[in-house]
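Line order of the protein sequences matches chains U and E.
The numbering used here numbers the first residue of the first sequence as 1 and each following residue consecutively.
The numbering used here numbers the first residue of the second sequence as 1001 and each following residue consecutively.
Worth flagging that the hints you see were computed from the coordinates, not collected in a lab.
Watch out, some of these pointers could steer you wrong.
One side only, chain U facing chain E, incomplete, derived with CB under 10 Å [claimed, not checked]:
1) Y6
2) L7
3) T17
Predicted, not measured: the structure shown is a model, and the values here were computed from it.
Using N, Cα and C, we set each Cβ at its ideal position, and we do this for glycine too.
Listed below are the residues making up each chain.
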Amino acid sequence: MIGASYLSEWVKLKRKTLLLSTFLGLAAASSLFVVLIFSNAPAHGGGGLPSLQQLARPNGLVFGLTRATFLLGVVAFGTAAAQTASEYSLGTLRQLLVRQPRRITLLAGKMLAVMTFMVLATAFAAVVAFIVANVMAQTRGVSTSAWFTSTGFGDLLNALGNIELAVIGYTILGLVIGQFLRSAVAAVIVGFAWLLVIEQFILTRIIPSAAPWLPGISLSTIAGGGNSDFGISYSHGLVVAVIYIVVATVAASITFARRDVTA
Amino acid sequence: MTVTQVTRRTGEPPSSVLAVSTDGLTKRFGDRTVVDGVNLAIPRGSVCGFVGPNGAGKTTTIRMLLGLIRPSSGGGSILGGSLTDPASYLHKVGALIESPAFYPQLSGRDNLKALARLGRIPTSAIDPALGRTGMTDRAGDKYRSYSLGMKQRLGIAAALLPSPELLILDEPTNGLDPGGIVEMRGLIRSFADDGITVLVSSHLISEIEQVCDHVVMIRGGRLVHQGPVAELAARQRPDIVVAPEHATDLGQLAQILEVAGLSVAASPADGTATVPASGVSAADLNRLAMRGGITLRQISERTHSLEDVFFQLTGTDTAMSPGQEMGAIR
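Taking the hints into account, I'd like the entire structure generated from these sequences.
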C-alpha cells in the first residue's frame, strides 16, 4: 500500500520541469562551490579555505560538496515543503484521500518518494561536482592520485553518506512544515527564515550555547562529519537531529491522520 | 410551513438496497452545528439529487461520506461499509468534490495515472475513463491549459477510474455552458443506465428535476425531505389562474369563488385570482364566473416546479423565477 502511494508521488516528481530544475540546480550549485574552493585555495592554507595541499589529500574531493550541503539542504527543505503544502493549496489532497483513505500510508509513501527524489538529486549533484573537482584540480595543479586510493574512496563514500543523511533530514523537516502550514509559500518562507536567518545569524550569535540543540545546525553537523565552528561532535548532531525528526514526524502523522480536510 | 424531517424508520427500504444510509449524521465546528442529525437513505441504482441553499451542509455531508471530515456524532453505511472505515468502501466510490483539483503542471493523463497508481487501479482504466468523458484528444495536454468544462470532465474521468458502484458529484455543472450542462446531464443518466448509483449535488434545482429520480433536500444542516422525485411531483398540486376581462371585477370574482368554497388568492397587481386545482376544474371556474356575470379573459393552469416545492418545504417565502436559481440555491 505504501508502494502505491510511493509510485503515485513519482508521477508528480518525475515531471520534466521539477526534475531538471532540481537536479541541474543542485549540480550547478555544488559545482559552483567546488570551483570557488579550488579557484581561491591558497598554496599553504589560511583564510578559512582549504589549501591546495589539503585538496590533494584523499578527502580533497569532497570539500566542495560538503561546503554546499547547507544549500542542498535548503533546496531539499523547500522542495519537500512545497510538495506537501501544495496538496492543500491545490485541493488535490481530497482526491488523494478518496483513492487512499489510509492517511498514514499515504503520508509515508509521499515522504519516501520525496526523500528518494532528493537523495538521487544529491547523488547526481555529487557526481557532477566530482567531475568538476577533477577538472579544477588539473587547472590548479592539484594532484588527484590520493583521491583514487582506497582511503580516498572511503572518505568519499563516508562524506556522501553523511550529506545524504543530512539531506534526508532537511527533506523530512520540509515535509512536516509543509504539512503543518498547508501553504507552500508560507512553508518555504518560514523554513528558510529559520534555517538561514534565525539559526545562522541570530540564535547562534546571541546564544552560542544553543547551537548544539538547533535542528539546522545538527543537520549541518551530520553533513560535515562534525562541526568545528561550534565544537559539536558528529554523534551529538546525529542524536539531536534524529530526535527532532522523530518528534516532527510523529506530530505531523497524528495531525494528518486526525485533521478534517476542508480544502 | 411544514418541514418534514424524514427518518429511515418510516417505511423506507432496508439497508441492503441502500447505497448510502446514515443515522443521525452530525458535524459541529466549535459551537456551530453544520450538519445536524441527518438520516440519508439513498437507494442503489438511483440518481439522487442533493439540494439545499448556500451553507446548508451539502458539501460537509459529502465530505463525511468520503471520509474527509470526521462526523461529530452519528454514523452510517456506504455500499455496506461502515462510515468509520472509509477504506472498506471508497475503492467502490468515485467522487468529484467541489471544483476539480489536479496538478496544473501534469497532463490530464498523468493526473489520472497518479490517482490510478494510488488507488491500485490498473492504468488500463485510464483510456476508457477519458473516452467516456470525451477527453481523449486533450489527455496529453497540461491540465492548466484546460477550460473549465474540460477540467470538470477530467474530474468525472477521475471519478470513473475505479469503475465505481457509487458516484458522488458535487456541483458537476458548475461553470459549464448550456451545451456542457446538457452533456453532463446525459453523462449522468448514462451512469445510471450502467447501474451506478449517483449522488449529485447541484445549485440548479431544475437540473435535479431533469436528471434525478430521487431527491434529498437539506437546509440549515437538517434534512428537509428525501424520496423519489415522482413522489414529490405528485405533491405538487397545480393552481388554476383566472383573470376577469375587467380588472375592476376581480374583487367580485374572488368573492364568488370563496362563496363556492374555494380558497382564493387574488392579486390586484396583475388582476388575477389563483385557486388550487384540487377538486375544481377550469370549466367549473368559468361556469361560476359566468353565473356571476363576469367574463374571463384568462384561465390557465400553473404547475409548480421542484423549486416551488423546495421553497414550500423549506419555508422560503419568495419563489424564484426561472433564471434566478443560480445563486440562491446552492
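Results for each hint:
Given the 10 Å rule on beta carbons, the hint for Y6/U holds: about 9 Å separates it from the nearest Cβ of chain E. The interface hint given for L7/U is met, as the beta carbon of that residue sits about 5 Å from the closest beta carbon of chain E, less than 10 Å. For T17/U, the suggested interface contact is upheld, since its CB lies about 6 Å from the closest CB of chain E, less than 10 Å.
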